[in-house]
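Under the working numbering, the first residue of the sequence shown carries the number 1, and numbering increases by one thereafter.
Derived by calculation from the structure, the hints in this document are not laboratory data.
The structure displayed is predicted, hence computed values, not measured ones.
One should not assume that every hint holds.
[Unchecked claim] Quick list of in silico lysine to aspartate or glutamate cross-link-like pairs, EDC-like style, CA-CA up to 20 Å:
(1) Lys88 x Asp178
(2) Lys236 x Asp42
(3) Lys236 x Asp48
(4) Lys236 x Glu44
(5) Lys88 x Asp167
(6) Lys236 x Asp67
[To be verified] The following label-pair restraints were derived from C-beta to C-beta distances:
(7) Ile260 x Glu177: 54 to 64 Å
(8) Arg170 x Arg32: 36 to 46 Å
(9) Thr265 x Arg170: 39 to 49 Å
(10) Leu34 x Leu102: 40 to 50 Å
(11) Leu34 x Thr253: 55 to 65 Å
(12) Glu44 x Val259: 34 to 44 Å
(13) Ser37 x Phe124: 20 to 30 Å
(14) Phe191 x Thr265: 55 to 65 Å
(15) Thr91 x Gly249: 39 to 49 Å
(16) Gly125 x Pro65: 24 to 34 Å
For glycine and all other residues, C-beta sits at the position ideal for the given N, C-alpha and C.
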Amino acid sequence: MMMQDLPPPPPAVVAEAPAPTQARDPSVATGRILRISAALTDTEVQVDSRFTGASIVLYGAVFNPTDTPADVVVVVRGPDAPVRLVRKSQTAGVWLNSRPVLFEGAPGFYMTSSTRPLSDIANFGQLRRLGVGLDHLRIAAPEERRTETRYGVRDVVISRLGEDYLDWRRAVIRLREDEGLYAADPQGVRFVDDGLFRAEVVLPTSAPTGTYHAEVWLFQDGEPVSSAELELTVEKVGIERGIYEFAHGRPWTYGILCVILAAFTGWGASRVFRRG
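Given the sequences, and given the hints that come with them, work out the whole structure.
Right, dumping it as structure tokens:
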């Protein structure tokens, strides 16, 4: 039997490895996004008997790949606390205190700094929505209240104070401004280099203790496009902290000790003057 020649085997198929994809650099995509970055020189402030105030620098950078300029707004808000106000009124020739008004919560410290006046950066509605600026500061009204829409602004507080509510609110802001606890600097944010900015946060001696929240807003064409949030802690140290914690932790005991100390001091002073 004659054997036929077998056909040659088919050529081997060699699979070519796909060309490696080029790694994407995240900084390339990030560099095309308008954003802001910020930090504080100090994140803790210690308060003792020698405390005369503090000055903290908030600094950061604006990454703006566009040709449209951007504005920076810094808002620093201290811990909220109730505020009790009374108004003196003259009745039959005698000045008397009116019924007390209790605001449920107002910032113990509030500061705004910006590259320009806030009214030039964003419109009224945008600032009101964000609560940026003393004119738009959110202060909780008394318990007896309702909300309505007036002048095209939603959630306007109408309380038992009626039309006097705004006067009481302005009184809170005015008193805090006199104490150096509320402030607004329309040119407090300064660019020191291309995209680098700084702002100064000044804490007075009466600054309350607690956690402060700082918001850094980046505006462009009247709209907020980026933001950064920071925290600052103001706390008592030394013997002042011990007395503070004891007074708040055991108020009755603290009050009794204060009465005993006052009585002992008075008795000691009377003995000294009697000998003289």
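Status of each hint after checking the structure:
1. Lys88 x Asp178: Holds, at about 19 Å.
2. Lys236 x Asp42: 16 Å, holds
3. Lys236 x Asp48: 6 Å, holds
4. Lys236 x Glu44: Status holds; Cα separation ~11 Å.
5. Lys88 x Asp167: 14 Å, holds
6. Lys236 x Asp67: Between lysine 236 and aspartate 67 the Cα gap is close to 47 Å, so the pair fails against 20 Å, i.e. violated.
7. Ile260 x Glu177: 54 to 64 Å: 39 Å, violated
8. Arg170 x Arg32: 36 to 46 Å: Given range 36 to 46 Å: holds, Cβ gap about 45 Å.
9. Thr265 x Arg170: 39 to 49 Å: 41 Å, holds
10. Leu34 x Leu102: 40 to 50 Å: 43 Å, holds
11. Leu34 x Thr253: 55 to 65 Å: 56 Å, holds
12. Glu44 x Val259: 34 to 44 Å: 35 Å, holds
13. Ser37 x Phe124: 20 to 30 Å: 29 Å, holds
14. Phe191 x Thr265: 55 to 65 Å: 56 Å, holds
15. Thr91 x Gly249: 39 to 49 Å: 42 Å, holds
16. Gly125 x Pro65: 24 to 34 Å: 28 Å, holds
In this structure, the hints that do not hold are numbers 6, 7, in rising order.
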